[in-house]
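A.B. asks: Construct the entire structure; sequences and hints are all you get.
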Amino acid sequence: MARGVFSLLFRTGIGSGSGGGGGNGDVFGKLLSDILVCPLSRQALRYCPDSQSLISDSIGVSFPIINGIPCLVPKDGKILEDQIKSTGNDDSAGADSGI
Amino acid sequence: MLSHFVGMAVVRRPPASLSSSAALHRRPPLPRPVFSYPRSLFSFSSPLGKTRICCSAQRQALFNRIAPIYDDLNDLLSLGLHRSWKRMCISWSGAKKGDRALDLCCGSGDLTFLLSQKVGLQGEVCGLDFSREQLSIASVRQDLYWKASYQNIQWIEGDALNLPFPDCYFDAITMGYGLRNLVDRQKALREIFRVLKPGSKVSILDFNKSTSNLVNTAQEWMLDKVVVPVASNYGLSQEYEYLKGSIAEFLTGKELEKLVDEIGFSKARHYEIGGGFMGNLVATK
Chain U
1 MARGVFSLLF RTGIGSGSGG GGGNGDVFGK LLSDILVCPL SRQALRYCPD SQSLISDSIG
61 VSFPIINGIP CLVPKDGKIL EDQIKSTGND DSAGADSGI
Chain Y
1 MLSHFVGMAV VRRPPASLSS SAALHRRPPL PRPVFSYPRS LFSFSSPLGK TRICCSAQRQ
61 ALFNRIAPIY DDLNDLLSLG LHRSWKRMCI SWSGAKKGDR ALDLCCGSGD LTFLLSQKVG
121 LQGEVCGLDF SREQLSIASV RQDLYWKASY QNIQWIEGDA LNLPFPDCYF DAITMGYGLR
181 NLVDRQKALR EIFRVLKPGS KVSILDFNKS TSNLVNTAQE WMLDKVVVPV ASNYGLSQEY
241 EYLKGSIAEF LTGKELEKLV DEIGFSKARH YEIGGGFMGN LVATK
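Top line first, the protein sequences correspond to chains U and Y. Residue 12 in this note's numbering sits at position 12 of the first sequence; the count goes up by one each step and never skips. Residue 282 in this note's numbering sits at position 282 of the second sequence; the count goes up by one each step and never skips.
If you are wondering where the hints come from, they were derived from the structure by calculation, not from laboratory data. Take these hints with a grain of salt, some might be off.
To give an idea of the chain Y side of the interface with chain U (calculated C-beta under 7 angstroms), a few residues [to be verified]: (1) Gln122; (2) Glu133; (3) Leu135; (4) Asn152; (5) Gln154; (6) Ile156; (7) Glu157; (8) Gly158; (9) Asp159; (10) Asn162; (11) Pro164; (12) Pro166; (13) Cys168.
Here are the in silico distance ranges between beta carbons for each label pair [to be verified]: (14) Y:Pro198 / U:Gln43: 21 to 29 angstroms; (15) Y:Thr284 / U:Ser58: 29 to 37 angstroms; (16) Y:Asp143 / U:Ser51: 47 to 55 angstroms; (17) Y:Glu249 / U:Asp34: 38 to 46 angstroms; (18) U:Lys30 / Y:Ser84: 48 to 56 angstroms.
Ideal Cβ placement from N, Cα and C applies to all residues, glycine included.
C.D. replies: Here is the structure:
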């Protein structure tokens with residue numbers, strides 16, 4: 001990862017506190033997913049622009065980004081509602097469960 | 001200084017919804033145990049009596065209550081000296097221009113802002129804390145006391161016992177008045193070790209649990225006769241009474257050096273500063 005990325009994002013109107021809206025938010029979210037890992041599994045995170053959250057596919061949990069601040073305390077995670085698995089687990093309807 | 005109780009990264013029991021059988025059958029279970037805590041920490045029959053703050057939820061609530069007057073009390077109770085202690089902490093971390101640095105238990109950001117200036121625009125600083133309220137204050141201060149270098153800061157709400165960073169990631173790590181408040185200090189230090197690059201340092205500032213009776217007596221006097229009465233003017237005497245017991249349960253400088261040595265740090269040194277009231281542990285990976 002290039003150095004000084006936080007500053008670069010800030011100068012282009014993206015970054016912590018910006019709220020990460022629209023296309024800029026996608027860049028910001030992508031950057032966060034490049035830097036951060038799941039606090040529980042330590043595997044890579046994936047940015048989801050629809051929910052503006054960081055997804056840990058390894059454990060099926062999503063972590064929100066609130067006001068430009070990623071919330072990666074384990075208790076902030078939510079179990080994914082529809083987890084698509086190659087093993088063929090059923091997709092389930094219903095509300096997310098909070099951790 | 002005396003108000004820096006933030007960022008106590010603790011682990012918590014999951015709410016019932018996670019442990020319901022329906023949830024477990026729908027999807028793979030999370031790693032267990034996800035949240036655990038030493039039973040001893042939950043005893044209310046401590047010799048420290050009513051000042052013992054036991055569970056993590058109580059601690060977080062305590063720190064959230066003191067958050068609004070936190071910084072003002074730091075200045076008042078240390079007569080501004082906390083600023084020089086924090087500068088020393090930063091200096092010991094070895095952070096320099098272009099580095100990638102982490103401030104753990106960052107609270108309202110004092111050490112984060114100093115790191116930000118140290119590493120400059122080509123560097124990056126992550127300020128991590130367990131408390132959303134403290135990070136909110138930090139973010140406001142970032143705008144209020146604006147310096148150009150502050151562009152390089154990213155605030156992260158996170159758990160010091162489960163850091164969301166890859167291995168060997170940071171050139172420097174600092175922690176101010178956080179280690180003493182963590183329920184599992186060894187785990188926190190192991191996480192610090194994991195995310196530090198080889199050859200890099202962690203600099204941990206906190207109260208000193210002195211082996212000198214004179215210093216201990218003076219420290220206790222200060223807490224009883226100055227800190228708690230001043231805090232009581234803000235309606236927070238109970239919150240600050242927590243301090244004495246917290247320091248008593250902390251480790252001495254030698255014990256901290258031994259702990260980080262056991263974890264695998266190649267070098268460790270604990271410096272007493274502020275007349276022996278404060279201490280700064282410096283450990284190299």
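A.B. asks: The structure should be examined with respect to each hint, and the outcome stated for every one.
C.D. replies: Here is how each hint holds up against the structure:
no.	hint	in the structure
1	Gln122	holds (4 angstroms)
2	Glu133	violated (12 angstroms)
3	Leu135	holds (6 angstroms)
4	Asn152	holds (5 angstroms)
5	Gln154	holds (5 angstroms)
6	Ile156	holds (6 angstroms)
7	Glu157	holds (4 angstroms)
8	Gly158	holds (5 angstroms)
9	Asp159	holds (5 angstroms)
10	Asn162	holds (4 angstroms)
11	Pro164	holds (4 angstroms)
12	Pro166	holds (5 angstroms)
13	Cys168	violated (12 angstroms)
14	Y:Pro198 / U:Gln43: 21 to 29 angstroms	holds (23 angstroms)
15	Y:Thr284 / U:Ser58: 29 to 37 angstroms	holds (32 angstroms)
16	Y:Asp143 / U:Ser51: 47 to 55 angstroms	violated (27 angstroms)
17	Y:Glu249 / U:Asp34: 38 to 46 angstroms	holds (39 angstroms)
18	U:Lys30 / Y:Ser84: 48 to 56 angstroms	violated (40 angstroms)
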